[in-house]
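> Top to bottom, those sequences are chains A and B.
Residue numbering for the first sequence follows this note's numbering, starting at 82 and increasing by one per position.
Residue numbering for the second sequence follows this note's numbering, starting at 11 and increasing by one per position.
Simulated from the structure, these hints should not be mistaken for laboratory data.
All residues carry an ideal CB built from backbone N, CA and C; glycine is no exception.
Treat each hint with caution, since some may be false.
To be verified - Once the Cα atoms are required to be at most 16 Å apart in a straight line, the calculated EDC-like pairs of lysine to aspartate or glutamate come out as:
{"id": "1", "chain 1": "B", "residue 1": "Lys-94", "chain 2": "B", "residue 2": "Glu-144"}
{"id": "2", "chain 1": "A", "residue 1": "Lys-104", "chain 2": "A", "residue 2": "Glu-157"}
{"id": "3", "chain 1": "A", "residue 1": "Lys-153", "chain 2": "B", "residue 2": "Asp-81"}
{"id": "4", "chain 1": "B", "residue 1": "Lys-116", "chain 2": "B", "residue 2": "Asp-105"}
{"id": "5", "chain 1": "B", "residue 1": "Lys-116", "chain 2": "B", "residue 2": "Asp-106"}
{"id": "6", "chain 1": "A", "residue 1": "Lys-99", "chain 2": "B", "residue 2": "Glu-30"}
{"id": "7", "chain 1": "A", "residue 1": "Lys-103", "chain 2": "B", "residue 2": "Glu-30"}
{"id": "8", "chain 1": "A", "residue 1": "Lys-153", "chain 2": "B", "residue 2": "Glu-61"}
{"id": "9", "chain 1": "A", "residue 1": "Lys-104", "chain 2": "B", "residue 2": "Glu-30"}
{"id": "10", "chain 1": "A", "residue 1": "Lys-190", "chain 2": "A", "residue 2": "Glu-140"}
{"id": "11", "chain 1": "A", "residue 1": "Lys-153", "chain 2": "B", "residue 2": "Glu-30"}
Stated by the list, open to error - Looking from chain A toward chain B, a few residues come up when the C-beta cut is under 8 Å (computed):
{"id": "12", "residue": "Gly-90"}
{"id": "13", "residue": "Lys-95"}
{"id": "14", "residue": "Pro-106"}
{"id": "15", "residue": "Arg-107"}
{"id": "16", "residue": "Gly-117"}
{"id": "17", "residue": "Gln-133"}
What the hints assert, rightly or not - Not close to chain B: a few residues of chain A, all C-beta gaps over 10 Å, as computed:
{"id": "18", "residue": "Ser-114"}
{"id": "19", "residue": "Ser-139"}
{"id": "20", "residue": "Gly-142"}
{"id": "21", "residue": "Arg-188"}
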Amino acid sequence: MSEMWGISGALAEKNRFKTFDKKHPRELAACFSNLGHIVTLLNHYGNVGAFQVAFFRSEGGNVYRIGQTGVKHAAETRLYVYVSVIDHTVYVLTIGDKAQQADDIRRCKEAVIKFEKRRDL
Amino acid sequence: MSKKSTTPAMLAASLTGNPEAAKRVTAHQAETRFVRALIDMRVAKKLSQRELAKRMGVSPSKVCRLESSRDEALNLGDVFLYLKALGMTMSVMFDDPALPAADRIKHYVFAVHSQLEQLQKLACQIGGEDAISEKIKQFYGEVLFNFVLRLGDSYSKLPGATPIRLGDADVPSKTSPHRKSPNNHLCQKR
Chain A
82 MSEMWGISGA LAEKNRFKTF DKKHPRELAA CFSNLGHIVT LLNHYGNVGA
132 FQVAFFRSEG GNVYRIGQTG VKHAAETRLY VYVSVIDHTV YVLTIGDKAQ
182 QADDIRRCKE AVIKFEKRRD L
Chain B
11 MSKKSTTPAM LAASLTGNPE AAKRVTAHQA ETRFVRALID MRVAKKLSQR
61 ELAKRMGVSP SKVCRLESSR DEALNLGDVF LYLKALGMTM SVMFDDPALP
111 AADRIKHYVF AVHSQLEQLQ KLACQIGGED AISEKIKQFY GEVLFNFVLR
161 LGDSYSKLPG ATPIRLGDAD VPSKTSPHRK SPNNHLCQKR
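Chain A with its partners taken away, still in its complex shape:
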């Protein structure tokens, strides 16, 4: 039996989550709820390529974004995660809105490269 997928906040930008929760608590909750669904699908299918879900998109470099669903008049929200096949872990990176996405994606990719280098040493 393959190892179960888990989640981790070890690489998360904590301050961003605190700030975002104050501004958009419903959207933040929806993103984390959808994260749970993604982990369930990963446990069932083993890899991200095996399923297509609208709120889960690749941003390249093993960075994925999870959007909010089921929130009326929602602010477009993206929860960025790093899907690590090596240790079967979904690392939560940061959260942001559509306006900040280019900068968020750049920072997330940098964080993942840094983490992978450190891990491979």
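With chain A held as given, fit chain B onto it using these hints.
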């Protein structure tokens, strides 16, 4: 922060420093349980949203909207169409929490009986010698075993009840009594 013991709700609370965040995540999960089940069924059938939309005769954005909504916002007609496109049917069970527990349990028993009857009809159509028919007979035994197990478990928790011993019970196998006395008479009557 151990990854194995962390749930999305716990992680949300930990990262925001706000326990309310966990409650909101749990509430969202409860409010989208049905939608998630729909998505899971589409994924299990290896269909993309675009492919499903084509089968439904709607735009992909409509499927996207449906899968992004909350359970209470779903349209029954859309759900029916969605399931039909997946090659599935829908059965609705109305449940009145105001009814006594006994009535609600009876309701579920009748529903299970209805499903078993359908299975029995299928077995009769196939005939007694087929491997599928044999599997169905075996499944009946498993249903009975599981039902007795759970009934016994609940019963033993009643105040003053004597625990039911199921030590000698076993899940029926191919060498179970079913083989010795198949319920073929049920088929012959029809």
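> Indicate, hint by hint, whether the structure satisfies it.
To see whether the hints hold, each was checked on the structure:
For the hint linking Lys-94 of chain B to Glu-144 of chain B, the alpha-carbon distance of about 30 Å lies beyond 16 Å, and the restraint is violated. Between the alpha carbons of Lys-104 of chain A and Glu-157 of chain A the distance comes to roughly 12 Å, so the proposed pair stays at or under 16 Å and holds. Only pairs whose Cα atoms come within 16 Å are accepted, and Lys-153 of chain A paired with Asp-81 of chain B is accepted, the gap being roughly 13 Å. Simply put, Lys-116 of chain B and Asp-105 of chain B have alpha-carbon atoms about 12 Å apart, close enough for the 16 Å limit, and the pair holds.
Only pairs whose Cα atoms come within 16 Å are accepted, and Lys-116 of chain B paired with Asp-106 of chain B is accepted, the gap being roughly 13 Å. Between Lys-99 of chain A and Glu-30 of chain B, the direct Cα distance comes to roughly 12 Å. Compliance with the 16 Å bound is thereby established for this hinted pair. Straight-line distance between C-alpha atoms of Lys-103 of chain A and Glu-30 of chain B comes to about 11 Å, which keeps the hinted pair within the 16 Å bound. At roughly 27 Å between alpha-carbon atoms, Lys-153 of chain A and Glu-61 of chain B are farther apart than 16 Å, so this suggested pair is violated.
Our distance criterion of 16 Å between C-alpha atoms is met by Lys-104 of chain A and Glu-30 of chain B, whose separation comes to about 14 Å. A threshold of 16 Å between alpha carbons decides the hint, and for Lys-190 of chain A with Glu-140 of chain A the separation of about 9 Å falls inside it, so the pair holds. Taking the CA atoms of Lys-153 of chain A and Glu-30 of chain B, the gap is near 19 Å; set against the 16 Å cutoff, the hint is violated. Because the closest C-beta pair between Gly-90 of chain A and chain B is about 5 Å apart, less than 8 Å, the hint holds.
With a cut of 8 Å, the hint placing Lys-95 of chain A at the interface with chain B holds, because the nearest CB-to-CB distance is about 6 Å. Restraint check, Pro-106 of chain A versus chain B: the minimum CB separation of about 6 Å is within 8 Å; hint holds. A distance limit of 8 Å between C-beta atoms decides the matter here; for Arg-107 of chain A the minimum to chain B is near 7 Å, and the interface restraint holds. Interface hint status for Gly-117 of chain A: upheld, as the beta-carbon distance to the closest one in chain B is roughly 4 Å, under 8 Å.
The beta carbon of Gln-133 of chain A comes within 5 Å of a beta carbon in chain B, closer than 8 Å, and the hint placing it at the interface holds. Remark: the non-interface label on Ser-114 of chain A conflicts with the geometry, its nearest Cβ contact in chain B lying 4 Å away (cut-off 10 Å). With a least beta-carbon separation of about 15 Å from chain B, Ser-139 of chain A lies farther than 10 Å from that chain, consistent with its non-interface assignment. Every C-beta of chain B lies more than 10 Å from that of Gly-142 of chain A, the closest at about 21 Å, which supports listing it as non-interface.
Distance to chain B confirms Arg-188 of chain A as a non-interface residue, since its nearest Cβ pair spans about 16 Å, more than 10 Å.
Checked against the numbered hints listed earlier, the structure breaks hints 1, 8, 11, 18; every other hint is satisfied.
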